[in-house]
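Participant: Residues per chain are reported as follows:
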Amino acid sequence: MILAVDELEPGMVLDEAVRTHQDQLLLEAGRRVTERSIRLFKTWGIRRVAVRLPGEKAKVAVSQATPEDEEGIPWRLKDRCGGGWDDPVMRELLRAAARQLRLRRPASEG
Amino acid sequence: MSRPALRRELPRIEDLPTLPRTVLRITELINDPATSARDLARIIAEDQVLTARLLKLVNSSFYGFRRKIATVTEAVLMIGFEAVRNHLLTTSVFDLFPSRSPALRRGQELLWDHSLGCAVAAKAIAAAMRRDNLEEIFVAGLLHDIGKIVLIAKFPAEAEAVAARVARGAAILEAEEDILGCTHAAVGRRLAEHWNLPSALAQAIEGHHPPFAGGAPDEQAAIVHLADILARVLELGSGGDDRIPALDPAAWRTLRLSPTAFDAILASTLADFDDIGSFLR
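If you're matching them up, the sequences are chains A and B in order. The C-terminal position of the first sequence is numbered 112 in the numbering used here, with every residue numbered one higher than the one before it. The C-terminal position of the second sequence is numbered 290 in the numbering used here, with every residue numbered one higher than the one before it.
No lab work stands behind these hints: they were computed from the structure. Here a beta-carbon is modelled for each residue, glycine too, at the ideal position from N, C-alpha and C. Take the hints with a grain of salt, since some may be wrong.
[What the hints assert, rightly or not] Here are the in silico distance ranges between beta carbons for each label pair:
no. : chain 1 : residue 1 : chain 2 : residue 2 : range
1   : A       : His23     : B       : Ser69     : 31 to 37 Å
2   : B       : His203    : A       : Glu11     : 51 to 57 Å
3   : A       : Asp89     : B       : Ser208    : 27 to 33 Å
4   : B       : Glu37     : A       : Glu9      : 58 to 64 Å
5   : B       : Met138    : A       : Pro90     : 16 to 22 Å
6   : B       : Ala79     : A       : Asp89     : 48 to 54 Å
7   : B       : Leu33     : A       : Glu72     : 53 to 59 Å
8   : A       : Arg34     : B       : Asn142    : 54 to 60 Å
9   : B       : Ser208    : A       : Glu30     : 50 to 56 Å
10  : B       : Lys65     : A       : His23     : 31 to 37 Å
11  : A       : Pro90     : B       : Thr80     : 50 to 56 Å
[As the list claims (entries may be wrong)] Partial list, derived from the structure: chain A residues whose beta carbon lies under 8 Å from chain B:
no. : residue
12  : Ile75
13  : Leu79
14  : Gly86
15  : Val91
16  : Met92
17  : Leu96
18  : Ala99
19  : Arg106
Isolated chain A (complex conformation) (with noise of 0.2 Å):
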């Protein structure tokens, strides 16, 4: 489940990673999130972060192998848009971008 920064609550657990715009790993999953690394969410300017609820099965195997949400946008790209990939105009451009990426990186590595 994806809670905004400001509906976290501290013993709440993580169900994927949090992670800087810079790729810097601030939280791993499986983690316990306190009222520290709330604090901590904030100041990097976080916005959104998956946790997992009571009795819910840990997605983490699945989240690593694909840092994808369910419609093939990287969590990398929504992270970067605040609130902006609610716009229905916005998610098509980050399903393009995300397939044009995919495209464009065998080239560029090769």
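Position chain B against the provided structure of chain A, taking the given hints into account.
Facilitator: Relative to the frame of chain A, chain B by itself:
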């Protein structure tokens, strides 16, 4: 430095960088309807660097001419006066802001890549809209953040504070007003006027961030607004902060595009960025 002092200092025209004399001369010539391709070519040919850059450009896949263009006169005739001016501006503008600090220089390089990304994206959007002033829109994209370059060069610490605040979710124009007492959009417009660039260009530079004057942006400003978002989504360089701004609904309505156009626009942006970047850098 107190903010009111900064406000007084920024508008001073003599503080703003000047374009190389050849480029200014070329801009003047192009504004004069009596100028011929031969007149223009003669001035360009006096400058070996400009000549080499122009010939490299017209022979690149950016234009895709079948045969090789060997002379400056021919290049001018093939791509037109406006395109020549725009490309010489492109290659000259970023030489104007040398920075001695390696950290600042890195920031400038990233901003240059962001500007180039925005320029090729703006051109791709305009092409999808079947506009024919692609060159002009390319330059609008390229120069949209020129005010930022001035601010970073003159007030590096303040510019960094602005970027940090934007990364935390603040609107850039508000953060700049607050910390610097002016915005990169306003500085960019002043610079464009100082360089005698077309007024549509100056307006696009000033008006590429929401909220737009009068509620809706004009077409060029709307294109630059979307192009800025595309360059950020594709992670071409960095505009100083990592945020992807929300697409303004009024700008989107102005463009009358369908989201189905995104794939083609993004693909062409990436291809042009790699191609043109390789000979401008």
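Participant: Could you run down the list of hints and mark each one as holding or not?
Facilitator: Going down the list of hints, with the structure as the test:
As the Cβ distance of His23/A to Ser69/B is approximately 33 Å, the hint placing it in 31 to 37 Å holds. Separated by about 54 Å at the C-beta atoms, His203/B and Glu11/A satisfy the suggested range of 51 to 57 Å. Judged by the Cβ atoms, the range 27 to 33 Å given for Asp89/A and Ser208/B holds: they are separated by roughly 32 Å. A hinted range of 58 to 64 Å for the beta carbons of Glu37/B and Glu9/A is consistent with their spacing of about 60 Å.
Remark: the range hint 16 to 22 Å for Met138/B to Pro90/A is upheld by a beta-carbon distance near 20 Å. Roughly 50 Å separates the CB atoms of Ala79/B and Asp89/A, a value that falls within the hinted 48 to 54 Å. Range check, Leu33/B to Glu72/A: Cβ separation about 55 Å, and the 53 to 59 Å hint holds. Separation of Arg34/A from Asn142/B is about 57 Å and conforms to the stated range, judged on CB atoms against 54 to 60 Å.
Taken as a hint, the range 50 to 56 Å holds for the pair Ser208/B and Glu30/A, whose Cβ atoms sit roughly 54 Å apart. A hinted range of 31 to 37 Å holds for the C-beta pair Lys65/B and His23/A, which are about 36 Å apart. Roughly 51 Å separates the CB atoms of Pro90/A and Thr80/B, a value that falls within the hinted 50 to 56 Å. Because the beta carbon of Ile75/A sits about 10 Å from the nearest beta carbon in chain B, more than 8 Å, this interface hint is broken.
Evaluation of the Leu79/A hint against chain B yields a held restraint, the C-beta minimum of about 6 Å falling below 8 Å. Satisfaction of the interface hint for Gly86/A is found here, the shortest Cβ-Cβ separation to chain B being roughly 4 Å, below the 8 Å cut-off. Taking 8 Å as the C-beta contact cut-off toward chain B, the hint placing Val91/A at the interface holds, the least distance being around 6 Å. The beta carbon of Met92/A comes within 5 Å of a beta carbon in chain B, closer than 8 Å, and the hint placing it at the interface holds.
Checking Leu96/A against chain B: minimum C-beta separation of about 7 Å stays under 8 Å; hint holds. For Ala99/A, the shortest C-beta to C-beta distance to chain B is roughly 4 Å, which falls under 8 Å, so the interface hint holds. Interface restraint check: Arg106/A against chain B, minimum CB-CB distance 5 Å, threshold 8 Å, status holds.
Violated hints amount to a single one, hint 12; each of the other numbered hints is respected by the structure.
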